[in-house]
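Asker: Here is how the chains run, residue by residue.
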Amino acid sequence: MLLIECPHCGPRAEIEFRYSGEAHMVRPAAAAACDDATWAAYLYLRDNVRGEHAERWRHTHGCGQFFNVVRDTLTDRVVTTYPAGHARSAAGGEI
Amino acid sequence: MKFSGLALLRQSLGGHRGWDRQWRSPEPKAAYDVVIVGGGGHGLATAYYLASVHGVTNVAVLERGWIGGGNTGRNTTVIRSNYLFDESAALYNHALDLWPGLSAELNYNLMFSPRGVMLLAHTLHDVHITKRHVHSNRLHGIDNVWLDPVEAKAFCPPLDISERARYPILGAALQKSGGTARHDAVAWGYARAASALGVDIIENCAVLGIGRDATGSVVGVETSRGPIGARKIGVVAAGATSTIMDMAGVRMPLESHPLQALVSEPVKPCFPCVVMSNTVHAYISQSDKGELVIGAGADQYPSYSQTGGVHQLTLAVEAICEMFPMFGRMRMLRSWGGTVDLTPDRSPILSDTGIAGLYVNCGWGTGGFKATPGSGHLFAHHLATGSAHPIAAPFSLDRYTTGRLIDEAAAAAVAH
Amino acid sequence: MSVFRTAGGDAIDRSRTISFSFDGTRIEGHPGDTIASALLANGVHLMGRSFKYHRPRGVLGAGTEEPNALVGVTRGPGRFEPNQRATLVPITDGMVVESQNRSPSLARDIGAVNDLLSAFIPAGFYYKTFMWPRSFWAKVYEPVIRRAAGLGRPPEVTDPDRYAQRWAHCETLVVGAGPAGLAAALAAADAGGRVILCDEGETIGGRLRDMPRATIDGLTAGKWIVQARTRLENAGVRLLTRTTAYHYGIGNLVTLAQRCTDAGGARTRERQWMVRAGRVIIAIGSIERPIVFPNNDRPGVMLASAAAGFLHRYGVLVGRHIVIATQHDSAYRTAIDLAGAGAAVTLVDRRARPAADLGEACSAAGVTVITGHIPIDTRGRLRVSKVAIAPAPDAAHRWLPCDALLMAGGWTPSVHLHSQSGGKVAWDAQSAAFLPGTTLAAQVSAGTCRGRVTLADCLADGWTAGGGNGASAPAADDRTDTGMSPAEPDAHPEGARRKAFVDFQNDVTAKDIRLAVREGFRSVEHLKRYTTNGMATDQGRTSNINALAIAAQAMGQTIPGTGLTTFRAPYSPTTFGTMTGFTRGRLFDPVRTTPMHARAVAAGAVFEDVGQWKRARFFPRPGEDMHAATARECISVREAVGLFDASTLGKIEVVGPDAAAFLDLLYAGRLSTLAVGRCRYALMLREDGFIADDGVIARLATDRFHVTTTSGGAASVLNVMEDFRQTEWPDLRVWLTSTTEQWAVAGVTGPRARNVLAALVEGVDLSSDAFPHMAVRQGRIAGVPVRIFRVSFTGETGYEINVPARHALPVWDAVAAAVAAAGGGLYGTEAAHVLRAEKGYIIVGQETDGTATPDDVGLGKMVAATKPDFVGKRSLMRAAMRDPDRKQLVALLTADRSLLDEGTQVVDPASPRQSLGHVSSTYPSVTLGRPFALAMVHGGRSLLGTKLAVATAAGPVAVDVVDPVLYDPSGARLDV
Amino acid sequence: MSDLILTLGDTSASRAPDEAQLLLHGHPRDRAALSALAGFDLSDTMLASTAGSGWHALHLSPDEWLLVGPNGGRGDMAARFAEAPIVLSLVDISDRSVGIDLTGPLADDLLAGGCPLDLATLSPGGCTRTLFGKVTVLLWRRDDGWRMSHARSYDAYVVDLLCAVAEDLASP
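Chains as they are written, first to last, in the numbering used here: chain A, 1 to 95; chain B, 1 to 416; chain C, 1 to 976; chain D, 1 to 172.
Treat the hints loosely; a few may be bogus.
Said to hold, decoys possible - Pairs of lysine-lysine, DSS-like flavour, derived with a Cα cap of 30 Å:
hint	chain 1	residue 1	chain 2	residue 2
1	C	Lys139	B	Lys2
2	C	Lys947	B	Lys289
3	C	Lys839	B	Lys131
4	B	Lys268	B	Lys153
5	C	Lys139	B	Lys268
6	C	Lys947	B	Lys131
Read the hints as simulated data drawn from the structure, not as lab findings.
Okay, chain A solo, but in the shape it has when bound:
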């Protein structure tokens, strides 16, 4: 069971959180105007990396906030966490 540092509440057990998919997926700005392939890529295609993976979590049973986590998918170790909307960072999660 992961131990995840919520940016707002501190370290908490994984069962308080809900995984919410790969982070930094950009919803096409003009969704209606993009082509099918672009839309399909947004909906479905994922990097699914072995190694450091940026992903979204929600502290469902806590503050309710979505935030980002960089986690090593080979070891499951959490590298860093940072608030939603911030650019990916390897350390500290500041913009």
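With chain A held as given, fit chains B, C and D onto it using these hints.
Answerer: Relative to the frame of chain A, chains B, C and D by itself:
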């Protein structure tokens, strides 16, 4: 040497010194007609059918570690075909048709045991969706039948059908032709048979890159044992699909998640079939050795660590004890984890890739073992002929662009 | 008492004698004895039969490593457990112990015929046979094999005992309370912070208990253990004995299984601790290896460490004439101790020249030492009677008579937990063992589990690991060592036809391993799986390294070059009850009930499970079945008025100046044009275009909406809304508050609904002009402020009265009384479903299955296609989503007026094997006077007015395809 | 219904009194203005609470404060926010949950039977949402123990679990 009781008898006189390697361990050749990336059940079956059905024998199976070491050797061996959508039912039934004759065909006892697979319904919603499966399956000739609770208990006596349960059993769907098989034997049996037909099985050979020519067509792979040429490449590397396909610049609609299972200490026979429950979230059978084999749910996050959270094991055991309260005093003996590639619609991908010569077979999620013979058979057809077998055609990659999904997940909540 | 009981034994209470039965024979022992020690004290060595060959077996070990002595234990009704290691189970008065895997008796077991047939059934034999004829595997061979396999008999009745769980947090968790673990815990306690120390044994001390002559800081080992316990308790260390760390997970979550009582009853039997530790010190020791040689498995052949344990802990001598076979130092101390206890001891050392001081000590103690010899065979049917020793396997041998043969094949450090934590292991040539290597987890191993040898080293290692200054570590006099001398695992050369066991429980022999290698199973994982070595209930504790050594020799490789299998949880077998903890029965999953639940119970409701909710399905009166009750409830709604508990519907209050804009993005319809005081039905789509949820949205103020969701969808809808609010459109000024449980909801519907409300509601003009369909008003009932939504899910005039939950009952009672007075009554979900289906209203999750678009279910007009964007819009534009042949909602009427089964398939009678769709809802209808069904049919709307068929088990049933609105298509009844 | 749920030596669990609960959302940068409206300082430290004029404000999320006060004062407090010059959301959730007060030396152990949180991380006044068994609960450490509250439909489960934990704590 042909395997048989007589051969065993003969060998016993000589101290069993006459048994050969079950599959050859050759050095890789410079090039092959077809290179299969991934030496699991699906990849080995693909190679076997390429050789046996299509006469394509200049084939190599490249395995990063030891054959059958991925999900083939880590699953709970449930075999069934009672899927909801026509396309899925056809796909899995193609495999189920092959299972009964497979031990004889491969001359390897895979211990296929059609002891019946029962899916429990605990809520009216379960009844609704389960009956839809039953009726759809019946139309397609799949032997999935609806049982009321008393009939279900008659088939599986350990079931608690009392009202005591938090989610009492309202009925069940039973596919009698479903069951289990010995997972390792599937890999070893296909490997031995393919090897005998000339297929090179190369273990400890990690694929590091996919080579392509100026036109974009594949020409071979870079491996930890040097470059190997290939006219066609079939990627059948569950748990590593995204990584391998990334070598050819193809992004996949996959997330790889840990999936755990556990067994109890062995006891004398007490559990006659396979029982699955989506609402209570567990599935269970008893191995020939006597261990209760219990599947846990996938962890929520993607990972390649082949380990998962203890709470997933706990949830599975809680569910089993809720349905079978006599098992509270049984003990967990072993647990393990695999890495499953999940697609958005929880249906597999058997497809071209947009790159000439590159084909992919992946996304079997939590339930690929049952499909092993069918998957190999259909993918071999695709590799040999260059076009998808009609049963496999709906499972192409482009369904994610068109929206023509085959969404077993939405319909069934959980698939195993 | 038995002649095998000696002085000593720190575990037992000699002042009391208790008894139990073993296969019907009464056996006496002392409190503190294990089954094994009590049996051995009575001279009983035969305790079990092996898995495959049914060979007679006694104990091999004295603890968790035991592969042979597995028994079934009964402590009263329901309190039976199979496969218990006799070396671990403390005896209790009156308990019933049975041996396993034998028939008719342990001494005479017909299964032993397998031993004679063993030449035909080597490793993996079953892969090579039983293939003909094809149907015989499942019908004939497999049932026979299944009956022969398995160990004990399964428990058959509900487990009556209680289990518990607890979370704990600490700065330091020490696993193992042997010398290293105790030193570590003492140091950690000195350093401060919360410390938890656990040990699987009955008490603390570990292997130190087997070294009565060692001294630490001037105290004997026993006294030092007592002092250490006092210091730890005074320092507030949580000391958990009988507690096994069975799972080491990511984030330093270590899961412990504590055996609180063996008796069960009102007390907690076992407790699971989930310990989140800042750091973990692993001090779980090491396990002695057997020596692999022919017939090394007879009762009386055991590990030297086991004999030491039985002697020092239980005061039991395992034999009178003992031969010890060793290849290193640790057995010498055991030899001297056993001789001191009165046994005649011969020590056979493989080495030609062991250390001189050891030999002298042996001589002084009367131990005969034979050097340069190894054991090569044994005799004795149910107990070892003699052992053959020789300088080499094929050299001339001589027989030594004995009643116990002890094996000291070297020590295997326990790296399980280190490995489970994600740590690597590395071969250490000096220790001739795999030792903990690198790890990313905040943990460290200490003591013999990382190859430390002497007692002094272990104490110092633990002390340092615990944060202590090395100079102040507990000091032990040295040469009274732990005896953890390294020894290269013995790769016994290929010998005669006799069996040399590697994995005792699974009956894997050295020959089996060599056969597997010959057949190409060269990966350690293949070896394990093909031979089943290491897969027994002892988890390979005594067999893995020996198997590896034999395989490596067969392949001409080194041991580290051959590899090691991965260690997985559990560390040792753990009961399902422990893992389950409190989560049983009522606590398996919460039962959610509405504020009016008690009223439904009182009214005799039959409930259904909807998610975690209990919802009243129907209210049968005497003699009524579900159909009759439902028909009556439907008539009540259609002709008078019905009352329905709709409290489970999800509710979300959406507030802020951008609330309308936000809902326009989240829902397919347009909410920004909704007037204050009005309601609108809305569909929420997934981003892939399929229907996710539906509900009614009411505008309470310009910047305030009351959104309802399906009962099952409440949490996921809020999650999706928060996701888009926080991450996709964070600039929108809007907030979400779940109000599902703030409001209890009483649904009043039927032609007399308005009359019912008129008598109850204060402050609301109920006339249709003032309060039209799809409007919301606030008023009071019984003095309680309520929100009233005029909506209908039945096709009749309807109101949903939202009441603050703590005031729900008085309002409900007032409404119920008024409904009854108007000739109506309660109705449940079954009637609600019939009533809505007659109107062609969908249920998300029934007509939709995650693959339906709004247009598919006839709600295309609910999509505001001109909005520039909303969740799911882009996906609806894809070709497959606009295919005219998609499944569409229709109603089906059977020509023979039969009731269809739900889920049945719709077919064209001309091609009856091809599914055109499925029945999604099907009910008898008292209103329509006939059964009807809703169905999703390919191109369904273009088939209205045609005839199709539904495939049933009895054959096709002809149906008319008609419009799904079968009741009041004009909607006139919504405003009665 | 008795207000006492269980006792375990000097430790007890009892029903918390009904109180007014108003859930306030606003932008963190508007905290001063929100405090002015509330009539007392709202915490800018997450998982901390502040108090004033009979009300407490629990800071549970960066933009969320739960105002807890006397039942009778609910209308007055709500009215303070009615015509606010800043953007906010105030929703009355007084009826959404029910509370249980845990006091005595074993109060932490009662919670540890179902709560994965390290309770030592919360000092008096500290508050957070977390899990108790399978249910989301709000924990609020007060001077004399804990207030645990949960959605009212889960009450039977929470009470059952508390009793099961208490039985275990009473078991030697």
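Asker: If a hint holds in the structure, say so; if it doesn't, say that too.
Answerer: A quick look at each hint next to the structure:
no.: 1; hint: Lys139/C / Lys2/B; in the structure: 23 Å, holds
no.: 2; hint: Lys947/C / Lys289/B; in the structure: 55 Å, violated
no.: 3; hint: Lys839/C / Lys131/B; in the structure: 24 Å, holds
no.: 4; hint: Lys268/B / Lys153/B; in the structure: 19 Å, holds
no.: 5; hint: Lys139/C / Lys268/B; in the structure: 17 Å, holds
no.: 6; hint: Lys947/C / Lys131/B; in the structure: 24 Å, holds
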